[in-house]
Amino acid sequence: MATRQTRILARTMMAPAVIVLLIWMAVPLAMTLWFSFQNYSLINPMLTGFAGWANYAYVIGDPSFTQALVNTLILVGGVLLITIIGGTFLALLLDQPIWGQGILRILVISPFFVMPPVAALIWKNGFMHPGYGMLGHLWKAFGLQPVDWFNQYPLFSVIVIVAWQWLPFATLILLTALQSLSEEQREAAEMDGANAVNRFRFIILPHMARAITIVILIQTIFLLGIFAEIRVTTGGGPGYASTNIAFLVFRTGILSNDIGAGSAGGVVAVIIANIVAIFLMRAVGKNLDA
Amino acid sequence: MKLTPLFVGATLLALTGSASAQTLTIATVNNGDMIRMQGLSSQFTEETGIALNWVVLEENTLRQNVTTDIATNGGQYDIMTIGTYEAPIWAKQGWLKPLDALSADADYDVDDLLPAIRGGLSVDGTLYAAPFYGESSFIMYRTDLMEKAGLEMPEAPTWEFIGEAARAMTDRDNDINGICLRGKAGWGENMAFLTAMSNSFGARWFDENWQPQFDQPEWKNTLDTYLSLMADAGPSGASSNGFNENLTLFQQGKCGMWIDATVAASFVTNPEDSTVADKVGFAQAPDNGLGKRGNWLWAWSLAIPASSQNAEAAETFINWATSKDYLALVAENEGWANVPPGTRTSLYENPDYQAAAPFAAMTLASIDSADPNAPTVEPVPYVGVQFVAIPEFAGIGTNVGQLFSAALAGQMSADDALAQAQEATLRDMTRAGYIK
Chain A
1 MATRQTRILA
11 RTMMAPAVIV
21 LLIWMAVPLA
31 MTLWFSFQNY
41 SLINPMLTGF
51 AGWANYAYVI
61 GDPSFTQALV
71 NTLILVGGVL
81 LITIIGGTFL
91 ALLLDQPIWG
101 QGILRILVIS
111 PFFVMPPVAA
121 LIWKNGFMHP
131 GYGMLGHLWK
141 AFGLQPVDWF
151 NQYPLFSVIV
161 IVAWQWLPFA
171 TLILLTALQS
181 LSEEQREAAE
191 MDGANAVNRF
201 RFIILPHMAR
211 AITIVILIQT
221 IFLLGIFAEI
231 RVTTGGGPGY
241 ASTNIAFLVF
251 RTGILSNDIG
261 AGSAGGVVAV
271 IIANIVAIFL
281 MRAVGKNLDA
Chain B
1 MKLTPLFVGA
11 TLLALTGSAS
21 AQTLTIATVN
31 NGDMIRMQGL
41 SSQFTEETGI
51 ALNWVVLEEN
61 TLRQNVTTDI
71 ATNGGQYDIM
81 TIGTYEAPIW
91 AKQGWLKPLD
101 ALSADADYDV
111 DDLLPAIRGG
121 LSVDGTLYAA
131 PFYGESSFIM
141 YRTDLMEKAG
151 LEMPEAPTWE
161 FIGEAARAMT
171 DRDNDINGIC
181 LRGKAGWGEN
191 MAFLTAMSNS
201 FGARWFDENW
211 QPQFDQPEWK
221 NTLDTYLSLM
231 ADAGPSGASS
241 NGFNENLTLF
251 QQGKCGMWID
261 ATVAASFVTN
271 PEDSTVADKV
281 GFAQAPDNGL
291 GKRGNWLWAW
301 SLAIPASSQN
311 AEAAETFINW
321 ATSKDYLALV
331 AENEGWANVP
341 PGTRTSLYEN
351 PDYQAAAPFA
361 AMTLASIDSA
371 DPNAPTVEPV
381 PYVGVQFVAI
391 PEFAGIGTNV
401 GQLFSAALAG
411 QMSADDALAQ
421 AQEATLRDMT
431 RAGYIK
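As you go down the protein sequences, you meet chains A and B in turn. For the first sequence, the UniProt record's numbering assigns the number 1 to the initial residue and increments by one for each residue that follows. For the second sequence, the UniProt record's numbering assigns the number 1 to the initial residue and increments by one for each residue that follows.
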């Protein structure tokens with residue numbers, strides 16, 4: 001049992017770390033909030049002073065705001081769908097006793113080690129470019145016109161690249177869950193005459209539910225802010241076809257040098273992320289309580 | 001023994017001291033002439049002992065980097081490569097150091113700089129950036145394909161002729177596109193071309209009250225002509241093509257015509273890089289008989305940000321890189337055809353250059369025909385041929401560029417692109433206070 005002295009000692013010793021952490025989080029957030037109510041343009045130093053809600057009205061009134069919001073949700077949803085279905089499938093495969101299992105697992109996980117801009121560049125120039133990309137050559141080999149992915153299917157292309165990067169993460173978590181399933185339970189079901197589909201549906205899937213929840217929660221947090229892949233490949237275009245909220249903030253703040261409106265966009269993005277997070281915690285997070 | 005730490009300390013101090021005084025950080029664009037300069041710059045270091053630290057970036061990235069750095073007084077660079085768009089705006093903000101020593105240097109001969117370009121880089125007669133190369137735009141075309149199509153390129157063609165020729169030269173089975181034009185979004189990418197093109201159609205960005213003009217028939221005519229031309233005779237994936245992508249296509253023999261920067265002339269006629277070097281002809285940018293041609297005016301220039309701690313050394317370097325001696329140095333190493341063009345009168349009077357560069361006269365004529373002070377058929381409140389010289393234009397132009405790029409990619413109709421461009425531009429101009 002802690003005495004009063006040890007408690008004070010513990011708090012004193014922890015204080016510096018806690019204070020540094022607080023400052024580290026609070027200062028940028030406070031600055032963003034402050035700038036979002038200021039007239040602040042990098043290229044026009046004459047524009048200064050309190051802006052009221054003007055920056056917020058400007059960002060939310062942006063003709064591409066609604067589309068960016070929809071794109072953000074499609075991006076998150078699309079990547080989640082691919083990674084969870086693909087991850088479950090890969091986890092089931094990797095769980096089988098096969099020769100070279102160790103090397104295979106490392107290969108499957110390896111995309112996760114590649115930095116997002118690098119991955120995007122590889123996909124852009126190496127695979128999806130209609131002229132020099134591998135897919136273009138493949139299409140030509142079959143006598144077809146190469147697909148110009150980033151112009152014809154911009155959002156889909158970004159989803160593919162991001163899903164490729166996050167698939168290993170989902171696979172890894174789901175595989176771990178799968179391996180914690182007791183062999184006896186499976187064998188018992190098998191002896192009772194349950195076929196593979198039923199075993200998957202009634203034993204394996206419920207067992208993995210918690211892991212799937214973790215994957216959804218963690219990935220959603222990261223996927224709401226996808227940026228590098230869009231910046232490197234489509235630049236938010238054509239038009240606003242692949243502009244998400246993060247890219248819209250970048251376009252307003254950095255491309256147009258409007259720090260005030262960019263900060264307002266950042267605050268809006270934080271609010272949206274929190275709404276999505278609360279919704280998710282309610283919808284799927286209850287799995288974690290059980 | 002006691003002296004050693006002191007000695008080491010003093011040496012270190014001397015080393016760091018001299019290193020900081022003698023190293024210039026230069027931000028530049030990844031265009032061919034700059035890469036060449038980077039290669040030759042070891043000579044400068046040998047002559048002066050000033051070391052150079054290069055930051056070579058793609059055009060759009062360079063602009064963002066240097067704009068952010070100079071606006072926040074970041075002090076990352078001693079020399080920045082900027083264009084005729086940035087120079088006067090930044091100079092007025094007090095962000096650039098005036099190049100007084102350069103202007104006073106008789107050997108440098110500031111009066112030799114082409115008047116249009118020198119004017120574009122000066123504010124109230126003071127030079128704030130030195131032109132490294134200057135350019136307008138013109139038509140580069142394949143003489144063999146033109147002959148095969150049974151046509152002859154006039155020296156100053158119309159848009160109608162260009163459309164006819166582009167469609168006649170297109171041979172999709174053999175991967176030959178009648179015309180390659182910029183489609184990549186950006187105020188300095190597709191909008192540079194489209195704004196210059198729109199001038200020849202009688203369109204303008206703003207009327208005299210700063211009202212955007214995308215709802216006018218002239219813009220619709222411009223965009224419709226551009227889109228149908230590219231649909232019938234352009235390369236696939238054109239909405240990702242900027243200067244460098246089109247250069248590669250032309251050098252590989254995949255374009256019948258290409259309307260772009262005059263500096264490209266030396267790259268497409270260089271047999272080492274271009275498969276069609278001996279089959280390239282040049283003509284002035286097209287017009288519609290309205291008195292304006294669709295060509296632009298630009299100079300990539302070197303300037304010193306006010307935050308630079310090495311201004312003197314920086315000016316020495318700028319002097320070296322933009323001097324007559326540098327032109328001679330490139331000529332000696334790479335031949336006269338490859339010297340950076342479009343900055344000095346003396347170059348165009350040089351018989352060696354005239355002999356080596358078949359495009360010299362056409363380049364000079366194109367530069368001379370672009371007037372930043374009266375760029376459009378009808379009067380406008382702004383300066384700039386292929387841009388509008390206001391600080392907000394970079395953001396607005398890129399935004400509109402995105403929409404037009406989407407129309408080219410088939411993601412949006414021309415009418416929708418124009419309507420959205422009008423709405424977005426009106427919004428931004430109202431926010432910036434131009435429209436009350």
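FYI, nobody ran anything at the bench for these hints, they're computed from the structure. Be aware that one or more of the hints could be misleading.
Which stretches of chain A does chain B cover? Using the computed rule of at least three CB atoms under 8 Å from a CB of chain B, they are [unchecked claim]: (1) 36-44; (2) 145-151; (3) 236-244; (4) 255-262.
Predicted model, so just to flag it, every value in this text is computed and none were measured. Beta carbons are placed, not taken as given, at the ideal position from N, Cα and C, and that holds for glycine.
Quick rundown of the hints versus the structure:
For the stretch 36-44 of chain A, the assignment as covered by chain B holds, since 4 residues bring a beta-carbon within under 8 Å of that chain's beta-carbons and 3 suffice. Counting residues of the stretch 145-151 of chain A whose CB falls under 8 Å from any CB of chain B gives 5; the rule of at least 3 is met. With 6 residues having a beta carbon nearer than 8 Å to a beta carbon of chain B, the stretch 236-244 of chain A meets the requirement of three or more and the stated coverage holds. Given as covered by chain B, the stretch 255-262 of chain A passes the check, having 4 residues with a CB less than 8 Å from a CB of that chain where 3 are the minimum.
The structure agrees with every numbered hint stated previously.
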